[in-house]
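S.K.: Chain by chain, the residues run as shown.
Protein chains: 2
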Amino acid sequence: MTMYRKNIKEMAAYVPGEQPAPGAKVIKLNTNENPYPPSPRAMEALREFDGRRLRQYSDPHASAFCQAAAEVHGVPCEWILAGNGSDDLLAMIVLACAEPGRKVVYPTPTYVLYRTLAQMQAAPFVEVPYGPDFELPLEQLICENGAVTFIARPNSPSGTSAPLEQIEALARGVCGLVVLDEAYADFSHDNGLELVKRYQNVVALRTLSKGYSLAGLRLGYAVGNPSVLAMLNKVKDSYPVDAVACAVGAAAMGDQEYMSKCACVVRSSRAKLLEGLSGLGFRVWPSESNFVLAQAAACMGNCAAQRIYDRLKREGILVRYFKEPLLEDKLRITVGTDEQNATLIAAIAKILEC
Amino acid sequence: MTMYRKNIKEMAAYVPGEQPAPGAKVIKLNTNENPYPPSPRAMEALREFDGRRLRQYSDPHASAFCQAAAEVHGVPCEWILAGNGSDDLLAMIVLACAEPGRKVVYPTPTYVLYRTLAQMQAAPFVEVPYGPDFELPLEQLICENGAVTFIARPNSPSGTSAPLEQIEALARGVCGLVVLDEAYADFSHDNGLELVKRYQNVVALRTLSKGYSLAGLRLGYAVGNPSVLAMLNKVKDSYPVDAVACAVGAAAMGDQEYMSKCACVVRSSRAKLLEGLSGLGFRVWPSESNFVLAQAAACMGNCAAQRIYDRLKREGILVRYFKEPLLEDKLRITVGTDEQNATLIAAIAKILEC
Chain U
1 MTMYRKNIKE MAAYVPGEQP APGAKVIKLN TNENPYPPSP RAMEALREFD GRRLRQYSDP
61 HASAFCQAAA EVHGVPCEWI LAGNGSDDLL AMIVLACAEP GRKVVYPTPT YVLYRTLAQM
121 QAAPFVEVPY GPDFELPLEQ LICENGAVTF IARPNSPSGT SAPLEQIEAL ARGVCGLVVL
181 DEAYADFSHD NGLELVKRYQ NVVALRTLSK GYSLAGLRLG YAVGNPSVLA MLNKVKDSYP
241 VDAVACAVGA AAMGDQEYMS KCACVVRSSR AKLLEGLSGL GFRVWPSESN FVLAQAAACM
301 GNCAAQRIYD RLKREGILVR YFKEPLLEDK LRITVGTDEQ NATLIAAIAK ILEC
Chain A
1 MTMYRKNIKE MAAYVPGEQP APGAKVIKLN TNENPYPPSP RAMEALREFD GRRLRQYSDP
61 HASAFCQAAA EVHGVPCEWI LAGNGSDDLL AMIVLACAEP GRKVVYPTPT YVLYRTLAQM
121 QAAPFVEVPY GPDFELPLEQ LICENGAVTF IARPNSPSGT SAPLEQIEAL ARGVCGLVVL
181 DEAYADFSHD NGLELVKRYQ NVVALRTLSK GYSLAGLRLG YAVGNPSVLA MLNKVKDSYP
241 VDAVACAVGA AAMGDQEYMS KCACVVRSSR AKLLEGLSGL GFRVWPSESN FVLAQAAACM
301 GNCAAQRIYD RLKREGILVR YFKEPLLEDK LRITVGTDEQ NATLIAAIAK ILEC
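Listed in order, the protein sequences are those of chains U and A.
Here the numbering used here is used: the first residue of the first sequence is 1, the next is one more, and so on.
Here the numbering used here is used: the first residue of the second sequence is 1, the next is one more, and so on.
Derived from the structure by calculation, the hints contain no laboratory data.
Mixed in with the good hints there might be a few duds.
If several chains are the same, the list does not tell them apart, and a pair holds so long as it fits within one copy or across any two.
20 angstroms max Cα-Cα, derived SDA-like pairs, lysine to any residue [claimed, not checked]:
(1) Lys272 - Gly17
(2) Lys197 - Glu44
(3) Lys323 - Arg41
(4) Lys323 - Gln340
(5) Lys323 - Ser188
(6) Lys272 - Pro286
(7) Lys197 - Gly279
(8) Lys272 - Gln19
(9) Lys350 - Pro40
(10) Lys6 - Leu229
(11) Lys103 - Gln140
(12) Lys350 - Ser268
(13) Lys197 - Ala347
(14) Lys323 - Glu139
(15) Lys9 - Pro100
(16) Lys197 - Cys175
(17) Lys323 - Ser269
(18) Lys350 - Asp338
(19) Lys197 - Cys299
(20) Lys25 - Arg53
(21) Lys272 - Asn225
(22) Lys313 - Ser268
(23) Lys103 - Ala122
(24) Lys350 - Ser63
(25) Lys9 - Asn225
(26) Lys6 - Gly101
(27) Lys313 - Pro286
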């Protein structure tokens, strides 16, 4: 007998986007962080947090935070389950639903972690390709009838959102859980929460990492029918959310005005960034998110995307490049401030001139 | 097809110890928290933490914290892996090692979460009873040869520690991983870190919840051979430790003097508490931890332990009662301040008089 499970020995670890050393002077457009600081009310909650409270365990259900999230979404508190980032909730869902013989299904390209999580549970995973313009492969997804179907909406790395009517058809068509990974919903013109309310097999995941600018706090939550959350509750960590995250997260949720204002600025910058990249000859998909996917033009030469990625990195600008089928000629670029985006555009223009 | 795995539907959620509402006036001796506040240096790190840093993702490896822990234990940084509390590391170990056909083995009574984690992975679990004075059932544990063998050392709820020579024999005798759950090691006269250094299949888990008085921060770590940690790294969350916990935890680890001083006071109070309970007629096992296990005497009447637990609770004193075989006549009592312990002893004395 060996020490580890076969599936674990064979799998590769998920590699998150590069995090430069603290204090490094880079323009960081690679992991879809918000360019603006967290809400002043969240920062105040952090400053006022009494460190002596850390002596005791945190609330196992992070009730203060869940209450704040429930109010924002107009659902009872029992419809909210908090976790250590929305990745934690993704892992809980795969653990509760998938195993050998119970498959995980999702359209690709998308968030690579879905595959990693399926591999951890030795569960089969079926990757159904999106259409050329990221059209949802609805019929095939229904036909696969996964124990879990993940839909990142907006999707990463495309930035696009499948129409809600198609998500509804998916929810009707499959027996398993449909997970709307709505990490980027705060930058989007719509979301799937109404479907969550209407279909018991639909659950939405949200995070405070993007819209709320709290990626370093590790706080995410599920919005779902209490029958779904009761099952996830069985596999949750005893105290997944620390006391600081609970207090700061509750304050951030309570300041919707600030979040919306920042998201609005990001959307406006996104339009300008998209225009700038198009002007340089990239094909850019319409984005509902805080990043854009830009495809290098054939005239830019071989391996243009990777070459631009490397050159930008040397100049202190980080964007995301995925060396994977369908993505090798593309860059995923986080929307920064207008100034950062202008610097990026100028840097790419210079690279293309060479 | 149903939405969830059979093992998940059938299992019960782990129920952590009761957490009274914030501000409730109780003497809380039920979840083995430290009665003293966190290190002043940890509190200072919290106060000085710049909230704007939360905008970006935290360090995936919590390097600043791991560096501090590595220095304390005299190992290279690669021997430390941080998680969202040591429960997170327990879950990672079960996920990496156990599945149907690969069993989890541990002596009982012990931390109930080991069973819950095995159930989550549909892994068989073998519970080998401790001897009447919590002697390690070494031969049976070796004979079971688990993919993982958990030894809580000191053990909860007994407070006792199996001799290190027996742990060494166990490490030599099994093919799988031997996990020393050393959550309470800071209150103990010895620990298993030398075995970790000498045996590749031994890993120790530590937490900042007990000795460092940071239960609400959710921070734990594994000390293990890099080959073991590389495998656990595959199943870890991308960013398990938030930026605040990393900074505060590093500061706490850097203040060994404060931790040792508090642990020393707790050990001295433990001796007095043990004496007080013995004086009331309880049998109390010698404890290496920050709690004691007290067995009600036959002369105290039927269901004495549960009755005392209930009465204490009504009077605002929480202790832990496990309605389980072998524990029904016992109470697990956290060592509080001398004043809290004296109040407890007086309250029990009064209950026994009735």
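S.K.: None of the hints should be skipped; say for each whether it holds.
M.R.: Right, here's what the structure says about each hint:
Taking the shortest alpha-carbon separations for Lys272 and Gly17, neither the intra-copy value of 24 angstroms nor the inter-copy value of 53 angstroms comes in at or below 20 angstroms. Taking the shortest Cα distances, Lys197 and Glu44 never come within 20 angstroms of each other, neither inside one copy (33 angstroms) nor across copies (44 angstroms). Taking CA atoms no more than 20 angstroms apart as the test, Lys323 paired with Arg41 passes in neither setting, with 40 angstroms inside one copy and 44 angstroms between copies. Within a single copy, Lys323 and Gln340 get their C-alpha atoms no closer than 25 angstroms, and across copies no closer than 61 angstroms, so neither meets the 20 angstroms cut-off.
Proximity of Lys323 and Ser188 under a CA criterion of 20 angstroms is satisfied in neither setting, with 27 angstroms inside one chain copy and 50 angstroms between copies. Taking CA atoms no more than 20 angstroms apart as the test, Lys272 paired with Pro286 passes inside one copy only; the shortest distance there is 12 angstroms, against 70 angstroms between copies. With identical chains, the CA atoms of Lys197 and Gly279 are never at most 20 angstroms apart, being 42 angstroms at best within one copy and 59 angstroms at best between copies. In the homo-oligomer, the alpha carbons of Lys272 and Gln19 never lie at most 20 angstroms apart, since the shortest distance is 26 angstroms inside one protomer and 50 angstroms across protomers.
Taking the shortest Cα distances, Lys350 and Pro40 never come within 20 angstroms of each other, neither inside one copy (38 angstroms) nor across copies (52 angstroms). In the homo-oligomer, the alpha carbons of Lys6 and Leu229 lie at most 20 angstroms apart only across protomers (16 angstroms), although the nearest pairing inside one protomer, at 30 angstroms, exceeds that limit. In this homomeric assembly, Lys103 and Gln140 come within 20 angstroms of each other (Cα to Cα) only inside a single copy, at 14 angstroms, whereas the closest approach across copies is 38 angstroms. Neither within a single protomer nor between protomers do Lys350 and Ser268 lie at most 20 angstroms apart by alpha-carbon distance, with minima of 25 angstroms and 70 angstroms respectively.
Neither within a single protomer nor between protomers do Lys197 and Ala347 lie at most 20 angstroms apart by alpha-carbon distance, with minima of 46 angstroms and 50 angstroms respectively. Taking CA atoms no more than 20 angstroms apart as the test, Lys323 paired with Glu139 passes in neither setting, with 28 angstroms inside one copy and 52 angstroms between copies. In the homo-oligomer, the alpha carbons of Lys9 and Pro100 lie at most 20 angstroms apart both inside one protomer (16 angstroms) and across protomers (16 angstroms), since each shortest distance falls under that limit. Proximity of Lys197 and Cys175 under a CA criterion of 20 angstroms is satisfied intra-copy only: 17 angstroms inside one chain copy versus 49 angstroms between copies.
Taking identical chains as interchangeable, the C-alpha atoms of Lys323 and Ser269 are never at most 20 angstroms apart, the minima being 27 angstroms within one chain and 60 angstroms between chains. Proximity of Lys350 to Asp338 under the C-alpha cut-off of 20 angstroms is restricted to the intra-copy arrangement: shortest distance 18 angstroms within a copy versus 71 angstroms between copies. Taking CA atoms no more than 20 angstroms apart as the test, Lys197 paired with Cys299 passes in neither setting, with 48 angstroms inside one copy and 57 angstroms between copies. For the identical chains of this complex, Lys25 and Arg53 are inter-copy neighbours only, at 14 angstroms across copies versus 35 angstroms inside a copy, given an alpha-carbon limit of 20 angstroms.
Taking identical chains as interchangeable, the C-alpha atoms of Lys272 and Asn225 are never at most 20 angstroms apart, the minima being 39 angstroms within one chain and 50 angstroms between chains. In this assembly of identical chains, the alpha carbons of Lys313 and Ser268 never lie at most 20 angstroms apart, being 25 angstroms within a copy and 57 angstroms across copies at closest. Both within a single protomer and between protomers do Lys103 and Ala122 lie at most 20 angstroms apart by alpha-carbon distance, with minima of 9 angstroms and 16 angstroms respectively. Proximity of Lys350 to Ser63 under the C-alpha cut-off of 20 angstroms is found in neither arrangement, the shortest distances being 52 angstroms within a copy and 36 angstroms between copies.
Within a single copy, Lys9 and Asn225 get their C-alpha atoms only as close as 36 angstroms, which misses the 20 angstroms cut-off; across copies the closest is 16 angstroms, which meets it. Proximity of Lys6 to Gly101 under the C-alpha cut-off of 20 angstroms is found in both arrangements, the shortest distances being 16 angstroms within a copy and 12 angstroms between copies. Taking identical chains as interchangeable, the C-alpha atoms of Lys313 and Pro286 are never at most 20 angstroms apart, the minima being 25 angstroms within one chain and 60 angstroms between chains.
When held up to the earlier numbered hints, the structure conflicts with 1, 2, 3, 4, 5, 7, 8, 9, 12, 13, 14, 17, 19, 21, 22, 24 and 27 and fits the remainder.
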